[in-house]
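Quick mapping for you: the protein sequence lines, in order, are chains F and D. The first sequence runs 0 to 281 under numbering that gives the first Met the number 0. The second sequence runs 0 to 358 under numbering that gives the first Met the number 0.
If you are wondering where the hints come from, they were derived from the structure by calculation, not from laboratory data. In this text the structure is predicted, and so the values were computed from the model without any measurement. Don't take each hint at face value.
[To be verified] 27 Å max Cα-Cα, derived DSSO-like pairs, lysine-lysine: (1) K195/F with K104/D; (2) K101/D with K195/F; (3) K83/D with K195/F; (4) K83/D with K101/D; (5) K167/D with K83/D.
Residue strings, one per chain:
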Amino acid sequence: MSASTNTKPLLLLAPSALVVMAPFVASLVILAAYSVDYGPNGVGPDLTIWRNFLSDGYSWSVIATSLRLAASVTLITLLVAYPTACAILRIRNPLLSAIAYVILFSPLLMSVVVRSYGWLLLLADRGFVNSLLAASPFGLGPYRLIYNETGVVIALVHILLPFAVLPIIGALLQIPPIYREAAADLGAGPAAIVWKVTFPLSLPGVIVAAEIVFALAVSAFVTPSVLGGGRVLVLSRLVYENIGNVQWGLAAVQALILLAIAVGALLILERFNRSTFAKRAG
Amino acid sequence: MQPDVVLSRVEKSFAGDAVVRGVDLAIRRGEFFSLLGPSGCGKTTTLRMIAGLEAPTGGSISIRGVDMAGVPIERRPTNLVFQKLALFPHLDVFDNIAFGLKLRKTPAPEIRRRVAEMLDIVRLSGFETRSVASLSGGQQQRVAIARAVVNEPAVLLLDEPLGALDLKLQTHLQEELRQIQRALEMTFVYVTHNQAEAMAMSDRIGVMNAGRLEQVGAPADLYLRPATRFVASFIGQTNLIDGRIDAIEDGKLRIEAGGLRFVADAHAGATVGAPATVSLRPEQIRLTKARDDGSDALVIADATFMGASVNYRLQGRGLTLLAQATGEAAPLPVGARVDATWLPDAAVTVAADGAGTAK
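Same shape as in the complex, but just chain F (with noise of 0.2 Å):
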């Protein structure tokens, strides 16, 4: 092989690598260099910072604040989103469908503010959905859904719903309708063909879409701080009071936790996605 069908492809990443990967490294750095400069006139470099906030227990219920949030919100998007991608995929009228993607991605036309604001309304005390549950046969509620992590959860499953369905989707159009077929006449019934062909098939998509809503859930911050009022709090809650308050050591500490979080659940999901299709690569 010749050097230049090796140089080739990294010559063809090399913009993309250059606007995505310089920014990414560069701030890395700094914010590495502050999380070890302590005390306003740069008395470090140490790790008092760190071990400062680590052996705090209170730094340790705010980071399972984030993993229990972003881990729950991951969860009932999947559930959520798994029936809707095969909704969606059934609508044979193009009209019906088109409708049905401009209401999936409706979520997205909003800013992050107005929505937030718009479920404080409907999830309050005596907002729309505690009217329902009480005017509703049962006479159910009111319930407490603002203010707290189920209002959050609520809110945030709203916003991401798209981030899910769509790879879904896109997994379950790879798939062959001749495997259905098999499936069918090996004597599987409806539920068994998804049960047993589509959805080991659709896998990849389905972890595609964990990471995505995993990732943008441990790290919002707009729904956590509006819907929370200020009583759920989040990593990048407190990243940004302490830059707020000039604490900005403490601040690069607490990014890069909450960036270790992200990687770390998109590897544990990657290695998952890799055992799962061993199998088909051989």
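Using the hints provided, position chain D relative to the given structure of chain F.
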């Protein structure tokens, strides 16, 4: 014995386009039956209707005496070997073959025993945990056959399963398929566009053209007594000569075409003076050097030496004839004037396409 599969007046149209037109067919239990025809003739659609992947738009299909109308694919006593195999990429060889048995809640020890048995039959023992993607084309083919056969269907349907393989492997798997079919005494319905393949494997063949079943018969029947122009020319090579019925005597037709004379069995409705088409196989023609300089002799326009035989193209009397001679030391030269002769019963009359006598 009661036939395994009965099609009566089966029709199928897609958006008004008739793909299968009034097919009547009875497939016997334990026979290797092939549906043969060019692409687009409706053979695959017919197979998919038997499998339950398509619903007929007219007529009925019954298997072992049970009408299949309204019986969904997963409850039919058939299994299909797909043209593109459709082995499940997320499952290994064992799980692919066990797929149908597991759905039927077969006990695990029995599944293991039957899968092992099948792997033995298709000679893939030891491949249980291999991924299907790691297998060669021929091995994948065997897994696809095993995955269908292991369910012991009443009828095994095969949709051009050997089409994608190279010729040597095709021939080899043809023999294997035939052996498996004989060993299991299972009814096979095999769809192919390859007449050599159909002739090599089948007990009987149904020849389809433009959605119609033109003729059903044993390979030798189809070759020696083709019912229609289409069957005569699709199976092997032939000369189709248009002529006129000169006389009818003792149940025989005397037909004259381009100054050549043929005798053929009379068919119903034959009348003197009516046009008739005769099929004469190239190997039935004997060539001898023309003795006189008569202007009505045939001339060799082309000769192709094939080793075991020589193929000639003859011209003259407004006709082009193909002739095949075997066991000759040296081919006759191009340009030679020859007389062509054949045995009295060598020719058969054939009907126009679509007017077959298939039952």
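To see whether the hints hold, each was checked on the structure:
no.	hint	verdict
1	K195/F with K104/D	14 Å, holds
2	K101/D with K195/F	11 Å, holds
3	K83/D with K195/F	20 Å, holds
4	K83/D with K101/D	23 Å, holds
5	K167/D with K83/D	19 Å, holds
Going down the numbered hints, you'll see the structure goes against none, and every one checks out.
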